Amino acid sequence: MTSEQIMAFTAVDPLKYLDLARELSTKTESEVRRTAADRAYYAAFLFSRDQLALKDYIVPFYREQDKYDVSRKLKELKYGIGNSEHLLRTRRTKITYDTRDVGSPSLDWMIDTAQKIINYVKALAVNPTIKN
Amino acid sequence: MTVQTYKSIPIKPYELQGLDKRGRVFGYIDWQRLFRGKHDFVIANKVGARFNFLELKENIYQVAAGQISAYLKMSPVARGQFFVITDTIKTAEPVKVSYINPDAIETLLGTKGKDTLNKVINLIQKEAEEDNWPLAKIEVQYRKDPEVKDWEYLIIVLDYDSSFEDANEYLNILYNRLEDVAERLNADEKAILAELIYIDIRTNNGIYSG
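Protein chains in written order, with the numbering used here: chain A, 114 to 245; chain B, 27 to 236.
To be clear, the hints were calculated from the coordinates, so they are not data collected in a lab.
Mixed in with the good hints there might be a few duds.
[Claimed, not checked] Each computed DSBU-like pair below joins lysine-lysine, with the alpha-carbon atoms no more than 35 Å apart:
#, chain 1, residue 1, chain 2, residue 2
1, A, 207, B, 122
2, B, 163, A, 186
3, B, 175, A, 186
4, A, 235, B, 122
5, B, 170, A, 207
6, B, 175, A, 229
7, B, 140, A, 186
8, B, 140, A, 129
9, A, 235, B, 216
10, A, 229, B, 216
11, A, 186, B, 145
12, A, 229, B, 122
13, A, 180, B, 140
14, A, 186, A, 168
15, B, 163, A, 168
16, A, 129, A, 180
17, A, 207, A, 186
18, B, 122, B, 138
19, B, 170, A, 229
20, B, 152, A, 186
21, B, 145, A, 180
22, B, 170, A, 180
23, B, 138, A, 129
24, A, 180, B, 152
25, B, 122, B, 216
26, B, 152, A, 191
27, B, 216, A, 140
28, B, 145, A, 207
29, B, 138, A, 207
From a predicted model like this one, the values you see are computed outputs, not experimental measurements.
Can you make the complete structure from the sequences, with help from the hints?
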């Protein structure tokens, strides 16, 4: 980056995405609610990816492969959390790509699920199998 | 006939007898226990290969006397027990499983994977049967992930005749059971469960991720 370049996107805390999702979820417009659904998923996924990396469970690549690694690792650690993360992702995919009516679970379910995943990962200890 | 389920009571296996020659379920229940509860209709319920509880129902006397004998026959037996037999047996069939694209499923799983999948499906069937989940069917689907290249897996779709909220509660109960089972799996089975087997729910109002 040269000195003339402007930082278009500064670093972000994924938890802020969940706050944003909650704020947007109070609106009625479909495009806003779909954006909220998308942010709810990314809050859970990105927070999990960064925390699992920080706690020595995975090595992040900062691309699509991370979705597989996070899903698998969460399922290894606690099946219900990993499966919930996957369901959240598949629902977000449907909501993001399908412009028709989508009979998806409520946005509240998505936000609650994201929060549940975040709470679990937050409480997770550093990987005990890694030796210093 | 409409009868309301009053409650289920556990019956020790030795009190249960099995099928008679006409294929009817019969068992013994303590007379005092039956009388104290003021229940008037008993149905033996089959769980797997054993009969491990009876459902006690009420309001039988709203049914005409002639009909009662068609549902329930009782005759005293030794030592104060009551012999109960009924033709209206709720036989709990295991929930049916279907496989979409079975060749791809088999290729992906291999022999070890099939065993693990069967363990998960058996657990689901057992829980559904024992806890009376409104689970209509189980569908195993093969998937290629739409976002991550070369990621293949299976989704066990649980088709509930219920609201999404109820189905989601059943799913959370299943997670707890599955996590208990997962602790007893060997390393290969744990890896298969983590990598290849997902569970989703589909409900009668069309909610489904797929």
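Enumerated hints in conflict with the structure, sorted upward: 4, 8, 15, 23, 27
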